[in-house]
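There are 2 protein chains.
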Amino acid sequence: MRLHGYFRSAASWRVRIALNLKGIKAEGVSHHLRKGEQCLPTYLKLNPQGFVPALELDDGTVLTQSLAIIAWLDETHPLPALLPADPLMRAKVRAFALVLAADTHPLQNLAVLGKLRESGLSEAAVQAWASEVNARGLAACEKLAGQGRFAFGDAPSLADICLVPQLGNARRFGVDVAQFPRLLAIEAQCNALAAFGEAVPANQPDAE
Amino acid sequence: MRLHGYFRSAASWRVRIALNLKGIKAEGVSHHLRKGEQCLPTYLKLNPQGFVPALELDDGTVLTQSLAIIAWLDETHPLPALLPADPLMRAKVRAFALVLAADTHPLQNLAVLGKLRESGLSEAAVQAWASEVNARGLAACEKLAGQGRFAFGDAPSLADICLVPQLGNARRFGVDVAQFPRLLAIEAQCNALAAFGEAVPANQPDAE
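Chains as they are written, first to last, in the working numbering: chain C, 442 to 649; chain U, 442 to 649.
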C-alpha cells in the first residue's frame, strides 16, 4: 500500500492518522505541491483531480479523497472503529468532519490561495481570507463538538482526525486558537496518542 | 421530519433527492439565503454553522451537512441503497461525491462569492471564478465516473445525487457542459426518475 501525499497537506495528514490508528503501514510517496508535482501527467494518471492524497493498493487500485479513503479503511479494517455505532452519533461525527473537510479546508488550500493571488488580491488579503475561513469553521466545530475526552466520546473518531490538521492550518494562518478551548482540550487528548504524534507534518520524511 | 433548506441550494437539493429516492416525506422549511435568513439567531440555534440544509427530526434532533444527512438516511432506511455493497466501489462513489461536495460546491456558494466581491474582485472575475471551479470539479468527475447507466452502476447513488445539482450550478455559471458527455448521459438517466425531477429547484414551493 502506498500513500501519495505531501507532509503539509491537511488531507494527507488525516489519512496518516487513520492509518496509524488502524496500525496499517503504507509506504509514503511525496509529491511536492508547491512545485506542482501533483499536476504532472504521471500523477494525474493516478488521480485525475490532481490532488493528494491518493492511496494506491498493492493491486494498483487507487483510492482518492481523504474522507473516502478513511471510510474505506474503516470498512475494511473495522477496529478500532473511526465512527460510533449509533447512526445518529455517526451523523454528528460526519457533520463535524465535513464542516472542516468540505467547508473549511478546500477554501484555504494552496490552489485556492494561488488563485486569489492571481485574481489580484494582496498577500495580506489572501492571508486574511485563509485566517477567516479557518476561524469560521473551527468556531462552528467548537459548538458542534459532543461530550467526552475526544470530539465525540472517549475514543478518537473521524472528527478528531479532521480537527487536528485543521488546527495546525489555523495556527499557520495566524488564527488565535485560544478562542476554542473545547477544541484545544480535544487536540491535547489526540496529541497524547502516538498515532497522532507520528502523523504530524514535522515528523514526515519530506518535511522541510 | 422537517428539512430546512432553500430551493436553489445545491446541498439542500441533494438531500431532497435522497429523501425522494427513499420515499421519505419531510416538511420543507425555507430560509432565504440571499436575505441572510440562515444567519438569524433562531436558525443558528438549529445549526451553529449557519448553513442549509438541516434535517430536524420529530424529537427535535438536528442533523447538518448534506453528506452526513444522506449517510444517516441510508443507514436508517437502507433501501434503496445509496452506496454499493462493495467497500472499494463505495470508496469510488464517495470520492466522486466529495470532488463535488468538498472541492467544488463550497468554493462557489453564495457566501464565498460574496466574500470575493468584498475582497474587491469585479463581478466578471467572480463569475469567472465560479465557472472555473465548476468546470474543474466536473472535469475530474468526467474521468472518475464508473460504468453503467448511472455514475456507478445501474442504480442511482450518492455520486448521482451530488452530480445533478452541481451540473445545475455549472449551467448557472455559464460552463459549457457539452464538454462532459458522460456526465450528461448520467444526468439524463437521473432526470428520467421522479425522485430527481421533483427535487429540482424550480419545483420547490420557495422557488422564485
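Incorrect hints may appear among the rest.
Identical copies carry no separate label here, and so any pair may be met within one copy or between two of them.
[What the hints assert, rightly or not] Straight-line alpha carbon distances no greater than 30 Å define the calculated BS3-like cross-link-like pairs of lysine-lysine that follow:
| no. | residue 1 | residue 2 |
| --- | --- | --- |
| 1 | Lys556 | Lys476 |
| 2 | Lys584 | Lys476 |
| 3 | Lys486 | Lys584 |
| 4 | Lys556 | Lys463 |
| 5 | Lys556 | Lys466 |
| 6 | Lys486 | Lys466 |
Hint data in this document are derived by calculation from the structure and do not stem from the laboratory.
Against the structure, the hints come out as follows:
no.: 1; hint: Lys556 <-> Lys476; verdict: both (15 Å within a copy, 28 Å between copies)
no.: 2; hint: Lys584 <-> Lys476; verdict: between (38 Å within a copy, 24 Å between copies)
no.: 3; hint: Lys486 <-> Lys584; verdict: between (41 Å within a copy, 10 Å between copies)
no.: 4; hint: Lys556 <-> Lys463; verdict: neither (36 Å within a copy, 40 Å between copies)
no.: 5; hint: Lys556 <-> Lys466; verdict: neither (35 Å within a copy, 42 Å between copies)
no.: 6; hint: Lys486 <-> Lys466; verdict: within (24 Å within a copy, 43 Å between copies)
In the structure shown, a violation is registered for the earlier hints numbered 4, 5, in ascending order.
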